[in-house]
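So you can see what is in the structure, the chains are spelled out below.
Number of protein chains: 4
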Amino acid sequence: MSKVRVAVFGASGYAGEELLRILLRHPNAEVVAITSRKNAGEPVSTVFPRFTGAPLTFVEPKVDEIAAKCDAAILALPHGLATEYAIPLLKAGVKVFDISADFRLKSAAKYKEYYKVDHPAPELLAKAVYGLPERYRDQLRTADLVACAGCYPTSSILPTAPLLAAKLVKPTGIAVVSCSGVTGAGRKVDLPYIFPECNESLKAYGVVGHRHLPEIEQEMAFAAGVPEMAINFIPHLAPMNRCINSTILMDAADGCTLEKIGEVYEQAYGKEQFVRILPAKRCADTKYVSMTNTCEIGYNLDPHTNKVIVTSVIDNLTKGASGQAVQCMNIRFGLDEAAGLI
Amino acid sequence: MSKVRVAVFGASGYAGEELLRILLRHPNAEVVAITSRKNAGEPVSTVFPRFTGAPLTFVEPKVDEIAAKCDAAILALPHGLATEYAIPLLKAGVKVFDISADFRLKSAAKYKEYYKVDHPAPELLAKAVYGLPERYRDQLRTADLVACAGCYPTSSILPTAPLLAAKLVKPTGIAVVSCSGVTGAGRKVDLPYIFPECNESLKAYGVVGHRHLPEIEQEMAFAAGVPEMAINFIPHLAPMNRCINSTILMDAADGCTLEKIGEVYEQAYGKEQFVRILPAKRCADTKYVSMTNTCEIGYNLDPHTNKVIVTSVIDNLTKGASGQAVQCMNIRFGLDEAAGLI
Amino acid sequence: MSKVRVAVFGASGYAGEELLRILLRHPNAEVVAITSRKNAGEPVSTVFPRFTGAPLTFVEPKVDEIAAKCDAAILALPHGLATEYAIPLLKAGVKVFDISADFRLKSAAKYKEYYKVDHPAPELLAKAVYGLPERYRDQLRTADLVACAGCYPTSSILPTAPLLAAKLVKPTGIAVVSCSGVTGAGRKVDLPYIFPECNESLKAYGVVGHRHLPEIEQEMAFAAGVPEMAINFIPHLAPMNRCINSTILMDAADGCTLEKIGEVYEQAYGKEQFVRILPAKRCADTKYVSMTNTCEIGYNLDPHTNKVIVTSVIDNLTKGASGQAVQCMNIRFGLDEAAGLI
Amino acid sequence: MSKVRVAVFGASGYAGEELLRILLRHPNAEVVAITSRKNAGEPVSTVFPRFTGAPLTFVEPKVDEIAAKCDAAILALPHGLATEYAIPLLKAGVKVFDISADFRLKSAAKYKEYYKVDHPAPELLAKAVYGLPERYRDQLRTADLVACAGCYPTSSILPTAPLLAAKLVKPTGIAVVSCSGVTGAGRKVDLPYIFPECNESLKAYGVVGHRHLPEIEQEMAFAAGVPEMAINFIPHLAPMNRCINSTILMDAADGCTLEKIGEVYEQAYGKEQFVRILPAKRCADTKYVSMTNTCEIGYNLDPHTNKVIVTSVIDNLTKGASGQAVQCMNIRFGLDEAAGLI
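Protein chains in written order, with UniProt numbering: chain A, 1 to 342; chain B, 1 to 342; chain C, 1 to 342; chain D, 1 to 342.
It is worth saying that the hints were derived from the structure and are not from the lab.
As the list makes no split between identical chains, a pair holds if one copy fits it or if it spans any two.
Once the Cα atoms are required to be at most 30 Å apart in a straight line, the calculated DSSO-like pairs of lysine-lysine come out as:
| no. | residue 1 | residue 2 |
| --- | --- | --- |
| 1 | Lys271 | Lys3 |
| 2 | Lys110 | Lys281 |
| 3 | Lys167 | Lys110 |
| 4 | Lys38 | Lys188 |
| 5 | Lys62 | Lys116 |
| 6 | Lys112 | Lys91 |
| 7 | Lys271 | Lys260 |
| 8 | Lys112 | Lys127 |
These numbers were taken from a predicted model, which means no experiment stands behind them.
Please work from the sequences and hints to get the whole structure.
Right under this line is the structure:
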């Protein structure tokens with residue numbers, strides 16, 4: 001079988017680096033182009049010395065040229081910009097896997113509410129398939145445009161959706177409290193992200209109206225079968241490079257027990273390669289998913305307050321971004337879903 | 001004025017080290033004994049090289065001998081053991097400042113529920129004053145036995161008590177989600193605490209029935225003026241040495257606004273030296289309280305879910321343990337409350 | 001081609017974990033046994049939750065039983081113990097790849113000098129091939145017993161051997177100053193290794209007579225073609241999980257230039273997959289080799305003191321231990337040398 | 001006694017923050033002005049929330065206005081700029097304590113060699129006293145202009161000077177290999193300093209011709225009583241916030257023994273408050289000097305190579321910058337040398 005020819009747009013950030021780490025050892029994919037406006041003309045090793053020897057050079061993002069030689073494009077671009085590239089790529093027949101937030105919301109109104117601008121191509125929102133394979137695998141098999149699930153959303157939706165769908169928890173009063181490593185902020189050169197500011201520092205931010213909130217609510221509502229949900233999502237920055245821990249509090253519905261939760265998870269994820277359900281009462285730990293495409297989930301039930309307490313960890317750059325994009329691509333092109341990811 | 005003569009019992013852990021750091025430069029206190037069964041006979045510098053030159057040697061914890069030459073005893077002992085020492089010290093007229101959890105709960109039944117043993121001296125529970133100066137300053141002036149507030153409780157009670165007392169938030173459905181540095185586990189030599197297990201790791205633990213839960217609930221209920229409260233308290237271990245961040249979600253009561261929250265905080269803490277209220281909508285950051293006795297508090301109101309969201313940070317070893325003990329001692333002995341702490 | 005059947009002895013430490021990380025995705029190898037006295041009977045996921053789902057259970061290290069079903073044994077055992085296992089495994093025809101220090105020194109006298117006991121099987125020292133593929137690839141192809149190069153030695157020998165062999169540097173007055181992440185100490189539960197003791201701490205240790213010293217000197221002397229060498233090797237512990245940086249100072253020989261150094265390195269390593277020579281004057285950085293089997297080398301020449309200054313980084317658990325063992329095994333069994341390692 | 005009135009120029013970086021941490025609790029000093037072009041008009045808490053409540057506002061660096069109301073000026077400015085301010089301050093009779101490198105070299109030619117520009121006021125080089133109290137205490141008592149010793153130099157000169165002066169080590173062939181925390185780079189917003197680039201990264205830099213090299217050589221030569229020295233100085237960046245470890249290799253002179261080294265150190269530093277000599281053969285550890293003004297020194301003698309190996313640690317922001325400036329100021333104004341520093 002010939003290899004899937006992949007172009008990576010916006011390859012000079014941390015998601016781009018992680019994509020290259022995965023794709024360069026992917027048995028069925030070949031990187032045919034990596035773009036970076038800033039680094040065009042430079043070998044990949046100038047930006048990422050770890051890839052010295054890889055025969056790759058950053059190029060200008062000339063969509064037509066690149067579209068002519070690739071089957072798949074993975075967009076690791078800032079939101080807003082991703083749409084600009086997606087449109088001509090789709091027209092050229094290239095399958096598009098977008099890591100940005102541009103196509104994740106189904107509602108253009110919600111997009112405007114949270115991003116403060118009109119969505120640049122609202123007609124694409126309905127076409128896009130949400131890139132969370134454990135929830136949308138069938139649709140992904142034939143998708144032209146995949147809106148890869150965000151990092152915080154992946155860590156929030158995977159552990160909650162089956163419980164909401166099984167009515168073991170109530171769709172009201174949910175709180176998601178997350179801690180992310182600093183690569184979650186991208187490769188951003190700004191005072192709050194320099195080492196001495198982050199090390200020995202842990203702090204909440206964006207506690208009201210974070211842009212990942214509507215994405216989480218949308219997918220939780222789909223799972224719960226309700227038109228709308230309102231939750232609290234509270235992200236924190238923690239002094240580590242990678243990974244996210246999400247601790248989620250939900251009101252147990254009548255009849256909810258630890259055993260039932262375990263059964264529902266087993267049914268939902270028992271056959272999944274990239275979801276690991278811990279034995280009851282244990283808590284997930286970021287260190288066990290670092291540099292893997294796995295989501296690890298622990299669950300507990302507090303009789304004192306009748307809350308279901310779920311802990312869920314992912315590597316923000318792998319399952320939360322680049323690994324997930326490759327997993328979606330593998331599905332779309334009929335490859336082994338885990339190719340390149342183990 | 002002659003100096004307060006202080007004995008530190010159990011001085012070889014992190015709280016002990018922090019006590020020495022503070023007391024050795026305290027203008028009105030003098031360390032007259034430091035005890036450690038394991039290190040008796042060794043100079044302080046054997047355990048803590050940073051105190052090389054300080055003329056202190058660990059001694060056996062012979063209570064009678066030590067009681068005869070000190071005015072105050074600070075107990076940095078494991079819970080259970082603290083009571084054993086407190087009883088004879090109190091009999092000898094020494095003022096006791098206990099950093100353990102032995103005297104924090106008013107209810108012996110709660111103690112048994114969470115610690116699984118009968119309280120060894122339940123009659124002392126009523127006598128003990130809770131060592132949180134911003135809440136109990138007047139009682140502390142005459143206390144013989146001070147049960148210094150715990151680290152997680154300090155970070156949880158300071159930001160919530162005024163809001164509960166002012167009825168700006170409801171006393172139901174409160175969730176406290178905390179992240180602590182690893183010194184919070186004490187100077188414990190155990191696999192989960194070695195560097196490679198903690199670094200790049202963030203995980204919840206004790207999510208149901210943590211021993212700090214009844215202490216937090218007791219003080220929140222006192223503040224709210226209700227007989228009992230049931231909250232969720234979810235601690236996490238984060239890859240840093242010191243400090244705690246507590247992010248707290250509460251249901252706003254009718255009429256609650258950001259302005260009113262600000263006013264209530266101003267009234268409660270405007271004159272406090274060791275509480276810093278941030279401007280509305282900002283979040284606290286552990287790095288700004290590290291190695292200080294300050295509690296920094298940020299507050300926000302989410303109109304989407306009508307939740308008050310408070311972030312609160314302390315240094316677990318200072319305001320969460322040793323600094324607080326010294327603050328209480330300063331009050332008890334009529335010293336400048338901030339002596340040795342700034 | 002049938003897969004190489006591999007047994008891992010002493011699989012519950014960090015080198016064991018890294019071996020499993022590599023071998024579980026190795027296309028031509030199959031793990032048939034993992035031993036651990038302490039964890040015998042437990043599934044691998046009890047010790048390493050990241051391997052949940054891998055159908056592996058720790059067993060007692062019964063050599064005969066295990067030898068009967070494996071082609072290769074990788075020993076991740078404490079030194080001293082490794083020999084005990086190696087002897088019967090070799091008798092049973094199993095190829096042995098030892099990660100410990102037991103067979104690295106050619107001289108039993110040196111072993112005794114540094115390990116303070118007689119070598120338990122000095123006759124094996126001559127048989128063992130030193131497991132540093134870039135130096136001993138040909139001998140490795142037929143070796144029965146491979147003494148995988150140590151972590152500090154790998155980072156020291158790779159950058160110096162070609163320069164010594166080409167007489168660009170003098171074999172006298174060499175200083176190797178290294179900094180290692182904390183996994184270098186193994187999964188050791190001891191006070192100096194708990195997080196709060198290591199974080200924000202950097203310190204030298206074993207500055208005189210470290211056990212890796214004779215190994216480094218032996219291989220440098222072989223390269224230089226001199227009977228004996230005496231160097232300084234100064235290790236440090238740094239607050240990170242993985243990797244080693246070795247900074248090496250050597251006296252430039254007459255006629256040594258940056259260009260010649262570059263040429264010698266190109267000749268020695270130009271075709272090596274796992275050695276990356278940086279452009280002249282740049283310094284190596286541990287972050288670019290973390291979780292890879294690569295050794296990155298930078299070089300410089302100080303006209304002020306006529307010293308060649310080389311910086312060299314590896315991942316101590318990969319190229320410094322488990323990755324190197326697998327690389328050696330790949331060579332021995334005629335596999336692609338990089339199988340499982342990229 | 002009235003307090004020394006201090007102005008801090010360039011107070012918005014890490015050295016400035018550390019100066020404020022020290023000076024705000026200094027019993028005999030008062031901060032009368034803090035300057036920052038960028039933050040002029042803003043309260044100190046805007047830049048450093050930890051100082052909320054301190055009645056300080058950044059002002060424009062108007063030298064004449066500020067000179068009129070202060071006794072001492074501490075310059076935490078970039079090199080080059082410091083001279084511009086020092087000249088008018090000195091004219092106005094203000095004692096100047098410069099933390100930059102502007103006045104540390106006695107030779108304008110060396111300055112030009114390493115800084116690539118002519119020194120802006122070479123006539124001041126002779127006037128400046130080198131701000132390392134343990135070496136120049138007497139001159140500091142009457143100095144008008146103090147060139148506070150640099151961070152790497154302090155950690156290198158204190159352990160070597162007495163040994164060189166006593167001829168226990170040779171003045172040739174010395175290598176200083178140092179590792180610094182990231183605050184050593186200042187509060188610099190640049191890609192190499194963001195958290196994900198520094199964490200889990202250790203790397204050398206500036207291995208040839210670092211600007212601290214001539215300063216170290218100058219002071220070593222003074223101590224050795226030789227006209228010139230040429231050493232190697234190899235700095236590294238380590239993943240921690242504060243502190244420096246310098247490991248120094250020197251050739252032992254004839255008759256050098258551990259005992260003699262110990263005696264020489266005792267004579268040099270036995271009465272020093274801020275130098276701690278460890279027992280022979282132990283190594284210094286940065287964690288024991290963090291946030292203190294202490295330099296900790298360990299020493300060893302390697303009979304194998306006849307090298308004296310010294311390890312030396314300081315907090316780069318305290319003894320390596322701001323603490324040292326305050327120590328110098330205390331000496332100059334006849335205060336307790338440790339005022340504000342313990």
